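Student: Top line first, the protein sequences correspond to chains P and C. As numbered in my numbering, residues 1 to 204 make up the first sequence, in order. As numbered in my numbering, residues 205 to 676 make up the second sequence, in order.
Hint data in this document are derived by calculation from the structure and do not stem from the laboratory. Only a predicted model underlies this, so the values are computations on that prediction, with no experimental measurement involved. Possibly wrong hints are sitting among the right ones.
Said to hold, decoys possible - Among chain P residues calculated to face chain C with C-beta under 7 Å, some are:
hint, residue
1, D20
2, P26
3, F46
4, C79
5, L145
6, T180
7, E186
8, I187
Said to hold, decoys possible - Which chain C residues stay away from chain P? Per the calculated CB distances, all over 10 Å, these:
hint, residue
9, D213
10, E217
11, V312
12, G354
13, D382
14, A385
15, G436
16, A443
17, A463
18, A475
19, R612
20, R639
21, D670
Glycine included, C-beta positions come from ideal geometry on N, C-alpha and C.
Each chain, letter by letter, is given below.
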Amino acid sequence: MRTFTTLSGPAAALPMINVDTDQLIPKQYLTAISRAGLGKGLFHDFRYDMEDKELPDFVLNRPPWREAGILIAGENFGCGSSREHAPWALEDFGIRCVIAPSFADIFFNNCVKNGILLVTLPEEDANLLMADAGNSQTCQMTVDLEAQTVTRSNGETVAFEIEPFRKHRLLNGLDDIGITMAKGAEIDAFEAKQKTAQPWLYGG
Amino acid sequence: MSGPKTLFDKIWESHVVAENDDGTTLLYIDKHLIHEVTSWTGFEKMAEDGRPVRRPDATLGVPDHSIPTRNRAAGVEGIGDPLGRSQVEALIENCETFGVPLIPLTDVRQGIVHIIGPEQGLTLPGATLVCGDSHTATHGAFGCLAFGIGSSEVEHVLATQTLNQKRPRNMRITVAGDLPAGITGKDMILAIIGEIGTAGGTGHVVEYAGPAIRALSMEGRMTVCNMTIEGGARAGLIAPDETTFAYLKGRPMAPSGAAWDQAMAYWRTLASDEGAAYDKEATIQASDIAPQITWGTSPEDVIPVTGRTPDPAEAPDEKHREAIAQALEYMALEPDSPIEGVAVDRVFIGSCTNGRIEDLRAAAAVAKGRKVPAGVGAMVVPGSGLVKQQAEEEGLDRIFLEAGFEWRDPGCSMCIAMNDDKLAPGERCASTSNRNFKGRQGRAGRTHLVSPAMAAAAAVSGRFVDVRELLD
């Protein structure tokens with residue numbers, strides 16, 4: 001997994017609440033058996049018209065946000081389906097950090113697994129960054145995970161909280177499965193105990 | 205932890221393999237359901253890393269998302285979309301390579317993953333169950349801790365039969381009193397989501413309690429738990445009781461003989477203890493629930509069928525004003541206008557929310573002796589081959605066909621519209637599915653979530669009506 005340390009670049013404003021994973025990447029991208037090119041489908045229905053031509057007004061179709069690495073959004077971002085295609089599409093587009101007042105649980109976990117940092121901020125701070133991101137003169141930001149800060153274009157910083165285990169995994173790009181495989185003996189012991197107590201869960 | 209425990213506490217604590225240094229828990233997973241959309245990447249990496257599936261006996265695969273709902277006898281050959289077909293082929297090949305049991309497309313047991321788990325008796329009280337699909341919450345109806353996961357976590361479970369999880373908090377939603385006649389589990393869960401909002405359960409596992417929950421059949425309980433994710437919680441739970449045990453007994457994968465007795469003794473200990481503490485509580489009155497219908501593009505945008513659409517001018521703040529205005533525009537509805545009487549183009553009865561036998565019976569009771577008017581396209585997609593078979597034994601297919609509905613083969617169909625069952629731009633649909641997100645059933649399509657009875661009533665009326673007026 002890619003590590004996440006710091007990220008600088010233009011931040012794009014998406015001032016909408018309850019942005020669901022169907023908006024992040026619609027169903028026609030879910031039948032593939034490859035992750036390549038999913039960035040094209042990111043926010044598909046916002047970005048393209050019915051003939052699949054770019055809608056020039058949408059933020060990610062305009063400079064400088066076409067190169068956005070950071071997204072600022074409204075509350076409950078990423079609700080809905082468990083499709084990991086959502087973080088894959090964000091990453092393939094080049095967005096590795098999303099800042100919002102709140103996120104949906106499954107999306108949150110899926111992002112951490114893909115080296116994408118989700119920053120949860122109180123609404124007031126999120127609104128401040130949303131306003132910055134909406135203006136091409138102030139949309140440049142730097143996110144520093146180690147320091148837990150977002151630095152605005154005027155040099156001021158906004159601090160954020162993150163659970164230590166998520167921070168640790170992102171900073172070090174840890175492969176969860178490798179870590180768990182090393183606990184094989186504990187899993188063996190659990191299974192041996194459970195098999196005695198609840199034999200009906202085995203053998204099916 | 206000592207003292208009284210919740211149902212969730214009991215299941216969680218009995219599945220702890222290890223407490224990790226970072227504050228997460230390594231949790232054991234008893235059952236793992238897989239399907240074609242979210243499993244291929246995990247298998248691909250397992251093959252690369254040379255890792256086997258740790259517990260093929262605890263894993264079950266079934267194709268459901270990308271498959272057509274016609275011409276099932278043709279099997280994989282009948283999948284017209286080359287991408288969908290290669291996904292199903294990959295599932296078949298992966299299950300074969302890794303020794304994972306698979307219910308093939310042409311098997312009568314095939315169906316939506318959340319319908320077949322309970323149907324086969326794979327879903328059991330007190331167990332942990334996951335699937336790469338957010339509607340895994342369905343299985344919580346059995347007092348089974350079940351939640352949806354992403355593809356990376358699917359791989360983690362295939363390889364280790366465990367997941368690293370942060371312990372969620374406890375929430376209890378009590379549905380007091382009795383549900384009025386003609387009101388279903390679907391109306392109940394939509395009313396709950398309307399009350400708590402789509403993020404009301406975030407970070408929590410919801411336990412549903414109260415007399416109205418107890419009075420629900422297993423089918424109704426599954427509908428309620430299924431849409432828990434639409435309230436933001438990853439898992440919903442209902443304590444197992446006699447209704448649960450009666451449903452499970454004799455199912456092919458449920459324990460039998462002495463193992464059944466042993467399991468029953470354990471299952472009876474699972475209900476939350478008297479005095480157990482919850483981090484969050486909500487109560488709704490069952491008697492207040494009317495048939496529900498969504499007007500907007502989020503499941504929380506819900507009103508009784510007798511109600512009116514909201515007026516953005518009365519929204520509490522700018523962001524909600526904007527959200528309501530956008531949703532009304534997308535749905536082509538006027539502010540502060542009645543929902544009853546709005547004309548529909550399509551009707552979809554099915555999905556993991558409402559594709560079970562009881563749902564089809566409720567819809568058939570309304571459709572019986574009535575006709576779908578010209579210009580309205582209505583389809584019924586049973587949740588599994590066994591549901592389809594039972595419905596046909598009961599003659600429900602005849603009722604639907606005579607009323608002008610299409611009678612299809614099982615699958616996710618127009619709930620996710622990954623096959624050719626989808627809305628054309630601008631079409632308005634009465635749907636028994638779970639999500640009314642923009643474009644969910646087809647780009648620029650307009651989805652209204654309702655119960656199967658309400659969907660059938662809309663089908664035969666060509667517009668939204670209060671189903672209670674059609675029932676004797």
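Student: Now tell me if each hint is right for this structure.
Tutor: Quick rundown of the hints versus the structure:
no.	hint	verdict
1	D20	holds (5 Å)
2	P26	holds (6 Å)
3	F46	violated (9 Å)
4	C79	holds (6 Å)
5	L145	violated (15 Å)
6	T180	holds (5 Å)
7	E186	holds (5 Å)
8	I187	holds (6 Å)
9	D213	holds (17 Å)
10	E217	holds (13 Å)
11	V312	holds (19 Å)
12	G354	violated (4 Å)
13	D382	holds (32 Å)
14	A385	holds (33 Å)
15	G436	violated (7 Å)
16	A443	holds (18 Å)
17	A463	violated (5 Å)
18	A475	holds (17 Å)
19	R612	holds (18 Å)
20	R639	violated (6 Å)
21	D670	holds (28 Å)
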